[in-house]
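Going line by line, the protein sequences match chains A and B.
Adding 117 to a residue's 1-based position in the first sequence gives its number in the working numbering.
Adding 117 to a residue's 1-based position in the second sequence gives its number in the working numbering.
It cannot be assumed that every hint is accurate.
For chains that are exact copies, the list does not tell them apart, and a pair is met inside one copy or across any two.
As the list claims (entries may be wrong) - Below, computed lysine-lysine pairings styled on DSS-like, alpha-carbon distance capped at 30 Å: (1) K122 to K225; (2) K156 to K230; (3) K128 to K140; (4) K210 to K140; (5) K210 to K122; (6) K225 to K126; (7) K246 to K128; (8) K161 to K139; (9) K173 to K156; (10) K148 to K135; (11) K173 to K236; (12) K173 to K126; (13) K246 to K140; (14) K167 to K128; (15) K135 to K246; (16) K148 to K137; (17) K236 to K156; (18) K210 to K139; (19) K156 to K246; (20) K140 to K126.
By construction, these hints were calculated from the structure, which means they are not laboratory data.
Number of protein chains: 2
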Amino acid sequence: MVIIKVIIKSKVKPTEDKYKVKKAILNIFPKANLRYSEKDFYGKWEGETKDVERFKELIRSQAILDTARMILEEKMDENSTRFYLNKQAAFVKAVNFDIDVHGGIYVKIIAEKGEDILKIIKDIAPRTKGGVIIEEEEEEIIEEKG
Amino acid sequence: MVIIKVIIKSKVKPTEDKYKVKKAILNIFPKANLRYSEKDFYGKWEGETKDVERFKELIRSQAILDTARMILEEKMDENSTRFYLNKQAAFVKAVNFDIDVHGGIYVKIIAEKGEDILKIIKDIAPRTKGGVIIEEEEEEIIEEKG
Chain A
118 MVIIKVIIKS KVKPTEDKYK VKKAILNIFP KANLRYSEKD FYGKWEGETK
168 DVERFKELIR SQAILDTARM ILEEKMDENS TRFYLNKQAA FVKAVNFDID
218 VHGGIYVKII AEKGEDILKI IKDIAPRTKG GVIIEEEEEE IIEEKG
Chain B
118 MVIIKVIIKS KVKPTEDKYK VKKAILNIFP KANLRYSEKD FYGKWEGETK
168 DVERFKELIR SQAILDTARM ILEEKMDENS TRFYLNKQAA FVKAVNFDID
218 VHGGIYVKII AEKGEDILKI IKDIAPRTKG GVIIEEEEEE IIEEKG
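Bound-form chain A, shown alone (with noise of 0.2 Å):
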């Protein structure tokens, strides 16, 4: 079992209502621990969990494990990675990347010490291949062969 920290952040804009922000956040990560709070009629969620199993289940029913890799490893720096999920995907309890200009919900993968943030992502998204997770040592072999 890795060990992650993950923050989630998320704007709730004048017009949407908080608690389906919320329930966006929390189908995505359930066992999240959100606080939300607010100015200038622009809310704001923000929270953490260590908790990532319904995003990895989402993930593979989806079929979307090779884009969730790319995603992940986009933005990957020496101990964390981040990435945005749309709310409204969320809200109807899909993962979906595409960016929302208006602030979907920021997603930040720490790896918490010892921990190698490549090794969480392999975790998270192992690579595929006809759409079966492949381990990445046999894969390296294949493309020796090759």
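Let chain A serve as the given structure and place chain B on it in line with the hints.
Chain B alone, transformed into the frame defined by chain A:
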């Protein structure tokens, strides 16, 4: 008094509160007659009004007549013009023409028969000089002198 018909439409996204979206529309067009429908989590307000007084007041008090005029002329055709209002701004009783890719408030102003759409636009958003509304005939004379 010019005779017009204004058609108003606005989507309601899954995380939005339909009554907040309705309030946003009514902040700009208080007399609009609105109907709500919903399909697959996406809602829609649709309606019409003949009254643009609040809209006229707002573009005057916000001192954005020149912007409004430009916007109103941009999509002008034979007997109508159309534009979008930012929903979040409308919720706080402000007119803002910044396009909202997730669907602002669509407004179509139609000149009823016998009415000239350009005359209607001039009435809604007259030209200004140094912040003061001018008669457009005057402006033409000034231009001729210049």
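Right, here's what the structure says about each hint:
| no. | hint | result |
| --- | --- | --- |
| 1 | K122 to K225 | within (8 Å within a copy, 49 Å between copies) |
| 2 | K156 to K230 | neither (35 Å within a copy, 47 Å between copies) |
| 3 | K128 to K140 | both (13 Å within a copy, 20 Å between copies) |
| 4 | K210 to K140 | both (9 Å within a copy, 28 Å between copies) |
| 5 | K210 to K122 | within (22 Å within a copy, 40 Å between copies) |
| 6 | K225 to K126 | within (9 Å within a copy, 36 Å between copies) |
| 7 | K246 to K128 | neither (37 Å within a copy, 40 Å between copies) |
| 8 | K161 to K139 | both (10 Å within a copy, 22 Å between copies) |
| 9 | K173 to K156 | between (33 Å within a copy, 29 Å between copies) |
| 10 | K148 to K135 | both (18 Å within a copy, 28 Å between copies) |
| 11 | K173 to K236 | within (14 Å within a copy, 59 Å between copies) |
| 12 | K173 to K126 | within (19 Å within a copy, 38 Å between copies) |
| 13 | K246 to K140 | neither (34 Å within a copy, 50 Å between copies) |
| 14 | K167 to K128 | within (21 Å within a copy, 35 Å between copies) |
| 15 | K135 to K246 | neither (40 Å within a copy, 44 Å between copies) |
| 16 | K148 to K137 | both (16 Å within a copy, 29 Å between copies) |
| 17 | K236 to K156 | neither (39 Å within a copy, 42 Å between copies) |
| 18 | K210 to K139 | both (12 Å within a copy, 26 Å between copies) |
| 19 | K156 to K246 | neither (47 Å within a copy, 37 Å between copies) |
| 20 | K140 to K126 | both (13 Å within a copy, 27 Å between copies) |
Figure legend: structure checked against the earlier numbered hints; hints not met, in rising order: 2, 7, 13, 15, 17 and 19.
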